[in-house]
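K.L.:
Sequences are here, hints too, so could you generate the full structure?
The primary structure of each chain is shown beneath.
2 protein chains.
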Amino acid sequence: MPEKLYELDERKQRVLKAVIDDYIESAEPVGSRALARKHDLGVSPATIRNEMADLEMLGYLQHLHTSSGRVPSSKGYRFYVDGLIPPKPVSDEEKALIDRWYKSRVQRIDQVFEETARLISAITKNISLVLAPQMTQAQFRCLQFLPLDSRRVITVLMTDAGFIENKILEMPDGAEFEDFQRMAAVINENLAGHTLKSIEHHALAQIRDEIRDEGLYDSALSIIQRALDSGKQERLYLGGTTKMLEQPEYHDVEKVKHMLMTLEEEELMKDILRAHIGDGLEVTIGQENEDSHFKDSSIITATYHLDGELLGTIAVLGPTRMEYAKAMSLLEYMNNNLTNVIKRFHW
Amino acid sequence: MPEKLYELDERKQRVLKAVIDDYIESAEPVGSRALARKHDLGVSPATIRNEMADLEMLGYLQHLHTSSGRVPSSKGYRFYVDGLIPPKPVSDEEKALIDRWYKSRVQRIDQVFEETARLISAITKNISLVLAPQMTQAQFRCLQFLPLDSRRVITVLMTDAGFIENKILEMPDGAEFEDFQRMAAVINENLAGHTLKSIEHHALAQIRDEIRDEGLYDSALSIIQRALDSGKQERLYLGGTTKMLEQPEYHDVEKVKHMLMTLEEEELMKDILRAHIGDGLEVTIGQENEDSHFKDSSIITATYHLDGELLGTIAVLGPTRMEYAKAMSLLEYMNNNLTNVIKRFHW
DNA sequence: TGTTAGCACTCTTAAAAGATGAGTGCTAAA
DNA sequence: TTTAGCACTCATCTTTTAAGAGTGCTAACA
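Quick mapping for you: the protein sequence lines, in order, are chains C and W. Quick note: the first sequence uses the working numbering, first residue 782, plus one each step. Quick note: the second sequence uses the working numbering, first residue 782, plus one each step.
What the hints contain is simulated information worked out from the structure, not anything from laboratory work.
Heads up, the list lumps identical chains together, so a pair's fine if it works in one copy or across two of them.
Simulated pairs of lysine-lysine, DSSO-like, Cα-Cα distance not exceeding 30 Å:
| # | residue 1 | residue 2 |
| --- | --- | --- |
| 1 | K1076 | K1036 |
| 2 | K948 | K876 |
| 3 | K1107 | K1038 |
| 4 | K1038 | K869 |
| 5 | K1124 | K884 |
| 6 | K906 | K1036 |
| 7 | K1038 | K884 |
| 8 | K1036 | K1107 |
| 9 | K876 | K1038 |
| 10 | K1038 | K1076 |
P.N.:
Below is the structure:
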């Protein structure tokens, strides 16, 4: 049966696309009559009924109740996303909006991520997630100490991606600020250009040799350690928890509560995003989600890079009935844009 | 009529208190029979009915519909809060929880505020707002420059309350890093101990005299300006948007959406909190709120201080039917506690 | 053989009608 | 002044009814 290869003939595909387009727009189960009226498929409702029955048998559509129209299944959406989806590029107005938005709101680099999340939510009316770069991927640029008082110094750590972290440290007994400055010189010489990750594992040994003083070395070690620590975790920015209420799927407070509580589990959400990291755009639909919390949600992720280095992930999370075309092209655009915006903070 | 002075005799007060206690707990309009059963007031439902009718005439209670029990009015809550409220101190377990919470989660000072908001929401199941100190109130401690590359320096600004802000700046043409260091010395000598606010207005003139170079002075000025800018605004931390869904008042998505959208207007919320700043605990109930968005909400605020200096405000925002006793004592406790926690970051 | 019209049937949703019950207000008696 | 009693009001819950959208199947048609 060569039919097997192309399970869906051209008309079935047209019907499927029409059903999904309709459902995405209306959030109501779609019936044969309405379908025949809106999209002119050139056949009668009865024929469409037959096609829909076939599509249901094949698993692309679902019946909620014996009566009442059909709704796409995960498999249906999958086929739609993989082949039927109409391109819906980001409009010029939207591009202009995005540009203006960044220009007016972003000062510090963490605001880039915050505003990116907000922007994605504003445009897609869905929840957005932005996983900001692990600083471990970033390269060490320099570490400086500033005297604070007789017992403390401020450690300022910089990476090549424009991140600056600071931390107040107690000086060990007997140490002078000059010792710290000497240490900084040694450290900077040895570590410049290394990724933060590799610092942890290798480069410290060399420093040990150069700093003769055991006690000072130990505190240097713990200082770097602690300075790195705060930069180590990826940060997750969340947007659109208000916007999502506009989706009819969340007109029930219980569902909202459930979703918000899930989103609050930051580690879980990070894991999910990390698991989705692939190259470019990745769409995970309903049942395809491993986590049971998201069996009726879809997640679209895009990973952004800088000079070939993986930096992070941006994502849209919403009901399976989602404007995939729009969300996907937006993420793609934001993806490229984000790289540019970050570069402004990069030197 | 001496009665006028004490509009409510002792029994009326007991009835009012019982009604409010009941309503706060159940969120259902309370009727005379149920009241007589639960609280033993020693009189029959009929008598209570009469008392309630009086209380309604006097404006302390309200009728939703001809039938169905009574609900407290803003005036009723006001009387309750001012005189009837049963003390409900923070329990030892809660104190322990708070202590552990801070110890395990707080590293940087901004986390203090973030976690304070989260904690208040967790305990009161209501929205919490924390208005973090204006850094303008804080005292300038020192400003340091760090070389970044040939064209840029990193500016690090410290205040006595432990805030550190940093910012990357372009060096003006012809300037050397040594110039910046010289400038830092001048600036530090002149500004140490001044509040950030006063710096803006006064102290800069002296610096002008000491730094002879006009061009350098201008850039110094803009540097300080920009470094201060980011610290100038008060920051608002918001917590409990998920927790609020547990209140029956927010079982309607439209109300939730409305509230969340209002909360998103950061400047509006800041203004409201600023307007509420008084000494110690302040309770604003329902209609007493000037902003129309909060006519059926209550806001409890507490301001926290450090060494007599106003630092900021913490607040609980919820439906008028709120556990005032609990929220008030919690805020009072957090208030003191916050001062201690902040002191850890203070030197 | 694929397409279509027709029709019985299903099931949801909305509106109407009734039943229940909590609560009030008033009157009259204690 | 307090209380019991009773008629009355409304919200709410359940049941009933009606309407409408949609399906599935059969038979006719091109």
